[in-house]
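K.L.:
Which chain is which? The protein sequence lines are F and R, in order.
In this text, residue positions in the first sequence follow the working numbering: the first is 1, and each later residue adds one.
In this text, residue positions in the second sequence follow the working numbering: the first is 1, and each later residue adds one.
Some hints here could point you the wrong way.
[Stated by the list, open to error] Dumping the calculated DSS-like pairs for lysine-lysine here, alpha-carbon to alpha-carbon at most 30 angstroms: (1) R/99 / F/9; (2) F/70 / R/77; (3) R/68 / F/9; (4) R/56 / R/68; (5) F/57 / R/99.
Just so you know, the hints here were simulated from the structure itself, not pulled from any lab data.
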Amino acid sequence: NAGVTQTPKFRVLKTGQSMTLLCAQDMNHEYMYWYRQDPGMGLRLIHYSVGEGTTAKGEVPDGYNVSRLKKQNFLLGLESAAPSQTSVYFCASTHRSIQATSTDTQYFGPGTRLTVL
Amino acid sequence: GNSVTQMEGPVTLSEEAFLTINCTYTATGYPSLFWYVQYPGEGLQLLLKATKADDKGSNKGFEATYRKETTSFHLEKGSVQVSDSAVYFCALGWRGYQKVTFGTGTKLQVIP
Numbered sequence: 001n002a003g004v005t006q007t008p009k010f011r012v013l014k015t016g017q018s019m020t021l022l023c024a025q026d027m028n029h030e031y032m033y034w035y036r037q038d039p040g041m042g043l044r045l046i047h048y049s050v051g052e053g054t055t056a057k058g059e060v061p062d063g064y065n066v067s068r069l070k071k072q073n074f075l076l077g078l079e080s081a082a083p084s085q086t087s088v089y090f091c092a093s094t095h096r097s098i099q100a101t102s103t104d105t106q107y108f109g110p111g112t113r114l115t116v117l
Numbered sequence: 001g002n003s004v005t006q007m008e009g010p011v012t013l014s015e016e017a018f019l020t021i022n023c024t025y026t027a028t029g030y031p032s033l034f035w036y037v038q039y040p041g042e043g044l045q046l047l048l049k050a051t052k053a054d055d056k057g058s059n060k061g062f063e064a065t066y067r068k069e070t071t072s073f074h075l076e077k078g079s080v081q082v083s084d085s086a087v088y089f090c091a092l093g094w095r096g097y098q099k100v101t102f103g104t105g106t107k108l109q110v111i112p
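Please model the complete structure; the sequences and the hints are all you need to start from.
P.N.:
Right under this line is the structure:
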């Protein structure tokens, strides 16, 4: 199992350019997430998905769009990149627990380091 | 709302020293509590977790006890190694809801 993979690992964009980050997981997880990590801010949830074809906004969704056309993939798009979107982006996935008494472990990808000039 | 507060780092310790990283939380109800670790250049991975009051999570010599009365989940290790150098995140999650709130992270540096 590869677990959670992210493409690309690094990217430099100019202000106003667009790009898509790809996340793939081979664990058949129902839930997938996109976070951004900034110094002193911890991880902040951008968007998440509870299943194929469904997405929802997280804590900091502005400037990003997502799609979950296939269960194993979760795409994060930046339509018009801004310097404030310079960050490290992490994708994560988790199994939907059948037990209402627990929250399952999140499995993270290695991250994408994005710089917007 | 839900929040997690961790001690600010960086924390610098000598090898074999005792480690405590404080974590307190604010939440209604009874969340699950987690510690995740991030090694340099990698994503986060689960270190340990506890799902109810008085539970103790443990892994790789690290321990944390879910204290409902003090709303805390402090991470401890009796003897740290250089290989423990990483950033540690405290987090809380909700049963059946699957969203997780992370703290800001505490960087640990262990020197030989």
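K.L.:
Look at each hint and say if it fits the structure.
P.N.:
Hint check results:
For the hint linking residue 99 of chain R to residue 9 of chain F, the alpha-carbon distance of about 25 angstroms falls within 30 angstroms, and the restraint holds. About 42 angstroms separates the Cα atoms of residue 70 of chain F and residue 77 of chain R, which puts this hinted pair outside 30 angstroms; it is violated. Proposed proximity of residue 68 of chain R and residue 9 of chain F is contradicted: the alpha carbons are some 40 angstroms apart, above 30 angstroms. Between the alpha carbons of residue 56 of chain R and residue 68 of chain R the distance comes to roughly 12 angstroms, so the proposed pair stays at or under 30 angstroms and holds.
Restraint check for residue 57 of chain F and residue 99 of chain R: satisfied, since their Cα atoms lie roughly 11 angstroms apart, inside the 30 angstroms limit.
Consistency with the previously given hints fails for numbers 2, 3, ordered from lowest to highest.
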